[in-house]
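Construct the complete structure from the given sequences, taking the supplied hints into account.
Here the protein sequences come in this chain order: A and B. Going by the numbering used here, the letters in the first sequence line up with residues 1 to 451, in that order. Going by the numbering used here, the letters in the second sequence line up with residues 1 to 451, in that order.
Treat the hints with caution; some may be incorrect.
Where chains are identical, the list cannot tell them apart; a pair therefore holds if satisfied intra-copy or between any two copies.
To be verified - 27 Å max Cα-Cα, derived DSSO-like pairs, lysine-lysine:
#, residue 1, residue 2
1, K176, K152
2, K203, K277
3, K348, K277
4, K20, K176
5, K176, K203
6, K203, K20
7, K152, K203
No wet-lab data here; the hints were simulated from the structure.
Protein chains: 2
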Amino acid sequence: MLTQEIRTSLSEIGDLNRLKTELNEMPAIDVGDYIRGLPEERRAIAFRLLNKTQATDVFEYLPHEVREELVGSLHNVQMCHIIESMRPDDRAELFDELPAGIVKRLVQQLSPEERQATATILGYDEGTAGRVMTTEYVRLRQGLTVGEALSKMRLADRDKETVYYAYVTDNNRKLKQVVSLRQLLFSIPDARIEDIASDRVIKARTEMLQEEVAQLMKRYDLLALPVVDREDRLVGIITVDDVVDILEQEATEDIQRLAGVADGGESSLSSPLSKIKSRLPWLLAIMGLYIGASSAIAPFQTTIAAVPVLAVVMPLFSNTGGTVGIQSLTVTIRSLSVGEATPQDTLKILRKELIAGLGTALALGLAMVIISLIWTTPEERWVSVMAGLVMATNSLVAVTLGTLLPIGFVRLKIDPALISGPLVTTMLDTIGFILFLTMVTISLNVLHIIP
Amino acid sequence: MLTQEIRTSLSEIGDLNRLKTELNEMPAIDVGDYIRGLPEERRAIAFRLLNKTQATDVFEYLPHEVREELVGSLHNVQMCHIIESMRPDDRAELFDELPAGIVKRLVQQLSPEERQATATILGYDEGTAGRVMTTEYVRLRQGLTVGEALSKMRLADRDKETVYYAYVTDNNRKLKQVVSLRQLLFSIPDARIEDIASDRVIKARTEMLQEEVAQLMKRYDLLALPVVDREDRLVGIITVDDVVDILEQEATEDIQRLAGVADGGESSLSSPLSKIKSRLPWLLAIMGLYIGASSAIAPFQTTIAAVPVLAVVMPLFSNTGGTVGIQSLTVTIRSLSVGEATPQDTLKILRKELIAGLGTALALGLAMVIISLIWTTPEERWVSVMAGLVMATNSLVAVTLGTLLPIGFVRLKIDPALISGPLVTTMLDTIGFILFLTMVTISLNVLHIIP
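Okay, here's the thing in structure tokens:
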């Protein structure tokens with residue numbers, strides 16, 4: 001983190017040399033935070049103090065808006081150098097963000113090799129292994145010795161993370177084996193690569209979804225995963241830092257979608273317009289769907305006018321029943337998403353949820369009877385009993401819906417995170433209201449309480 | 001993954017030798033899944049086929065119940081070997097799970113060195129860096145040459161992940177520098193460690209919370225992080241595979257707590273009893289709190305009896321307002337939790353949320369007026385207008401609560417994930433109901449509609 005002293009020194013544009021040394025020695029992400037925090041007109045000044053390597057690293061950590069601003073204000077030569085030295089996957093991401101005109105100009109100035117690497121990555125669908133992989137990795141041909149392999153790794157590019165594994169391919173670039181730097185290091189230099197490398201290569205196809213990639217790497221504790229095309233040719237690798245980002249991004253999506261935030265990638269600092277875009281459609285959809293629940297109440301207005309305490313009790317079981325449903329829904333979606341449970345476990349999961357649900361239903365039903373006694377008059381005690389019965393039934397329905405909906409979605413190969421919580425509460429309210437009001441109305445007609 | 005063929009071969013206890021070869025060559029986690037899937041009486045048979053290293057690895061991937069079962073049924077010698085070769089952090093975790101009597105017996109049979117390592121880790125609080133670290137790392141004393149360092153790393157333990165970095169300490173074990181295997185490998189053997197190692201060591205104190213550790217390692221893309229005690233002495237390291245697990249665990253906690261699942265670590269396959277334990281208390285608490293919202297309605301029963309359409313409209317704005325609140329709450333909690341935003345951004349966040357909230361409020365208010373026309377008779381049109389006003393107000397309150405509650409919690413150093421969604425919907429319902437019914441009652445008295 002940067003000290004106040006340094007901030008001041010920049011604000012006076014005084015001791016620029018000292019600032020330059022400091023900025024070039026700090027971790028790139030901290031420099032990124034520092035530059036982001038500067039007033040707009042000073043960002044380019046600070047950025048120009050960075051040496052080539054640091055500039056490239058820092059650039060990768062800057063947010064979208066600041067990057068675009070710098071692309072506009074830096075000298076063409078410096079910009080081209082940065083773009084040329086970026087990792088191909090990061091470059092592809094940047095090109096996705098920038099206006100098409102600027103991208104075209106930048107692409108023209110890339111070396112043919114780097115242009116090819118970027119085009120390859122941009123050719124894959126978003127959210128797949130092909131899109132998140134990097135094309136910077138160490139490939140060894142079969143037949144090399146350990147000594148030759150080590151020399152090759154020594155010459156490999158500056159990116160430290162990609163160098164702890166090397167991949168052995170045949171003459172057609174087909175992936176055959178994997179070998180770790182450690183294995184190479186601790187073998188005799190004359191040994192042949194094939195003899196020390198491992199044949200059991202865990203790999204991903206380019207079209208594999210990024211969340212599956214992340215789960216695979218998590219499962220086998222891999223620092224890097226090779227990516228192959230349909231012909232089993234090595235085309236890139238995915239590194240563990242990407243896995244960390246993917247897992248966090250997927251968790252954010254799960255959380256937000258459950259809460260009815262459609263986009264799944266909103267941040268507190270997103271623009272108000274993008275917030276409205278990702279939230280309002282769901283809200284209006286929920287209101288639209290809820291017309292069903294409210295319409296279920298409408299025909300019973302005579303009943304409500306006769307027993308207005310119903311309006312006191314109904315929100316209570318609606319709120320509680322909704323919570324029961326969201327609990328089951330959340331636990332099920334999360335378990336499926338992290339791979340703790342699979343749709344094959346459906347019966348096992350449902351059994352556990354239903355047993356737990358039965359206990360919960362009894363407790364909540366009883367609580368409902370007791371609590372609603374607060375508002376029912378002695379003549380209305382039967383309403384409390386019915387509210388308890390509906391509370392219990394509603395809880396069981398809630399548990400069943402919350403468990404089976406996401407499992408059903410997975411079986412139909414639809415992302416279960418698309419089922420938002422509000423959708424489930426709306427369904428539960430509709431069922432609960434109809435059940436309760438029908439029971440009460442029938443009782444009224446049988447008991448002839450209606451005035 | 002295991003083929004059907006192998007399953008059959010075991011079920012016939014036929015070609016045990018082939019099964020043995022296969023099980024010892026497969027990735028440990030796959031063997032773990034295989035053994036877990038076997039009928040209970042066959043698990044120990046399959047486990048005994050594993051060689052020592054594989055047995056230790058597989059044991060670490062088995063679930064709690066199966067481990068306990070094996071501890072009971074395996075020969076003491078085999079069990080002791082496994083316990084002795086486990087990584088100290090995994091062993092500490094196992095001891096946490098097992099009955100105290102068994103732990104005591106196992107600890108007595110550990111070598112003094114391993115016993116010390118386990119005791120050290122168990123001495124730290126759960127959820128801190130000290131508890132998740134491993135004590136297996138490579139430590140180099142200042143003054144060594146690169147060649148000497150490499151020999152030392154060559155002798156280091158089988159655990160591949162811990163060997164890509166080595167830590168340089170002074171005579172008092174104080175952490176001074178860090179050096180990567182790659183740096184060592186590509187330097188002259190006679191060079192002195194101090195000259196090639198880096199002085200900028202990112203490290204954690206033993207008491208640092210595991211989620212902070214994970215965020216730190218994520219921020220700097222580290223494969224391992226050294227852990228030091230209060231005197232800055234190196235006591236362990238945390239590896240990137242732990243980070244992946246911690247981040248996933250924290251995300252699960254965030255998701256579940258938001259949904260009102262208290263424990264935060266429930267899985268679909270948890271026992272019904274533990275499900276009830278982690279869900280029912282919240283449900284009862286929510287019901288208890290909701291007495292406030294329902295009691296707010298109770299005094300207005302005369303109003304409801306006079307205008308029963310209120311009971312049709314109220315659930316609609318309660319459900320929608322609740323969703324608005326949970327959207328803001330979720331986005332804010334998640335942004336704070338992944339470090340996209342900090343409490344210092346309060347005003348910025350609130351401004352963005354309020355602008356978005358204003359747009360949303362207007363749209364929802366208007367939608368409410370239009371939708372509620374379905375149920376209001378021509379004489380009740382004014383109820384629709386009021387419902388729209390309350391919907392809009394409630395949305396703004398929802399956004400404000402959803403944003404400020406978690407930020408306030410963070411400022412007070414309380415985990416914001418403790419604010420569950422149902423808590424917020426309960427507060428919103430109470431406010432909305434009081435507002436709406438008061439407005440309607442006043443209008444009634446002014447307009448003299450009450451019969």
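Here is how each hint holds up against the structure:
no.	hint	in the structure
1	K176 <-> K152	within (18 Å within a copy, 31 Å between copies)
2	K203 <-> K277	neither (38 Å within a copy, 41 Å between copies)
3	K348 <-> K277	between (39 Å within a copy, 19 Å between copies)
4	K20 <-> K176	between (46 Å within a copy, 25 Å between copies)
5	K176 <-> K203	within (11 Å within a copy, 38 Å between copies)
6	K203 <-> K20	between (43 Å within a copy, 25 Å between copies)
7	K152 <-> K203	within (22 Å within a copy, 32 Å between copies)
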